[in-house]
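Between the sequences and the hints, there should be enough to build the whole structure, so can you do that?
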Amino acid sequence: MRTKMYKGVESSYFLGVRIDKHTSDTALANIQNILDEKPETGNIAPVYFVNVHSIFLALQHHSLMEQLNYSALTLADGSGLHWAGKLLGEPVVENLNGTDFTPKVLKLAETSGKSVYLLGARESVLNRTISNIEQQFPSLKIAGFHHGYFNTEDEAGIIKDINRSKADILLVGMGSPIQEDWIWRNKEKLKARIGFAVGGLFDFLSGEFPRAPLWMRRSGLEWLYRFFNDPSSKWKRIFVEIPIFLPLIILAHFLPKRIS
140 MRTKMYKGVE SSYFLGVRID KHTSDTALAN IQNILDEKPE TGNIAPVYFV NVHSIFLALQ
200 HHSLMEQLNY SALTLADGSG LHWAGKLLGE PVVENLNGTD FTPKVLKLAE TSGKSVYLLG
260 ARESVLNRTI SNIEQQFPSL KIAGFHHGYF NTEDEAGIIK DINRSKADIL LVGMGSPIQE
320 DWIWRNKEKL KARIGFAVGG LFDFLSGEFP RAPLWMRRSG LEWLYRFFND PSSKWKRIFV
380 EIPIFLPLII LAHFLPKRIS
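If you're matching positions, the sequence shown starts at 140 in this note's numbering and goes up one per residue.
Hints in this document: simulated from the structure, not taken from any laboratory.
There may be inaccurate statements among the hints.
As a list, the in silico SDA-like pairs of lysine to any residue whose alpha-carbon atoms are at most 20 Å apart [as the list claims (entries may be wrong)]:
#	residue 1	residue 2
1	K305	S251
2	K243	A211
3	K326	S251
4	K326	H200
5	K225	H392
6	K280	D293
Ranges of calculated distance between the beta carbons of each label pair, as one might list FRET restraints [said to hold, decoys possible]:
#	residue 1	residue 2	range
7	R303	G346	41 to 49 Å
8	F393	P242	21 to 29 Å
9	T291	S263	22 to 30 Å
10	K246	K299	26 to 34 Å
11	N290	Y152	34 to 42 Å
Cβ atoms here follow ideal geometry from the backbone N, Cα and C, with glycine treated the same way.
So, in structure tokens, the structure goes:
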């Protein structure tokens with residue numbers, strides 16, 4: 140693992156993937172700066188949440204590795220990174236999982252008069268998501284939305300709709316690595332200031348999937364709750380990726396020829 144300074148924020152590399160050492164406050168301050176600054180290139184600023192699964196995907200897809208490492212912010216998401224950081228004596232500053240952190244971004248947008256566009260999920264889930272967001276953030280401007288089940292032929296029209304909406308913030312929930320790649324491929328076409336890859340956020344905000352009890356979230360055990368609620372899609376992350384990840388990261392740190 141090696142560290143560097145990235146835009147004034149210290150970062151670590153887990154198996155070659157950059158993780159910024161943000162707290163919730165410093166991440167929100169950086170996001171506010173991006174929203175307020177005059178764009179130099181017109182490119183959207185990608186913000187990605189990184190967990191153990193993301194790192195496994197990045198090791199398989201070099202393009203994702205590049206996208207994560209050259210994004211505006213990469214935020215630590217999940218207990219796996221927390222454990223790895225403790226093992227290496229470089230603890231993750233704060234778990235900024237997208238389900239808890241993105242509502243803080245929505246609150247920031249509401250108070251600063253910024254608008255949001257939502258892209259992803261099934262249409263019924265997206266409609267419930269918007270309804271719940273409007274209840275929680277009544278002054279937030281939702282500039283537009285589109286479900287995530289579209290073809291390549293529809294992409295140009297969706298980008299046009301996003302730009303026409305003049306949204307400041309774009310939330311893309313289409314699963315990794317599709318969502319990260321979609322933002323990255325279209326970063327020069329999208330006029331929103333900042334784009335978040337939010338995974339299954341809309342499923343949680345809509346009530347489609349329940350959140351773990353608060354005590355489990357505070358104890359870093361939400362992964363266990365999610366596994367019991369959806370074992371068919373989560374078993375590999377729990378029983379394959381994490382057991383492989385921790386030894387790999389220890390080897391990458393201590394062997395003379397580092398993996399990272």
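Status of each hint after checking the structure:
no.: 1; hint: K305 - S251; result: holds (15 Å)
no.: 2; hint: K243 - A211; result: holds (18 Å)
no.: 3; hint: K326 - S251; result: violated (23 Å)
no.: 4; hint: K326 - H200; result: holds (19 Å)
no.: 5; hint: K225 - H392; result: holds (13 Å)
no.: 6; hint: K280 - D293; result: violated (25 Å)
no.: 7; hint: R303 - G346: 41 to 49 Å; result: violated (30 Å)
no.: 8; hint: F393 - P242: 21 to 29 Å; result: violated (39 Å)
no.: 9; hint: T291 - S263: 22 to 30 Å; result: holds (23 Å)
no.: 10; hint: K246 - K299: 26 to 34 Å; result: holds (29 Å)
no.: 11; hint: N290 - Y152: 34 to 42 Å; result: holds (36 Å)
Hint violations for this structure: numbers 3, 6, 7, 8, all remaining hints satisfied.
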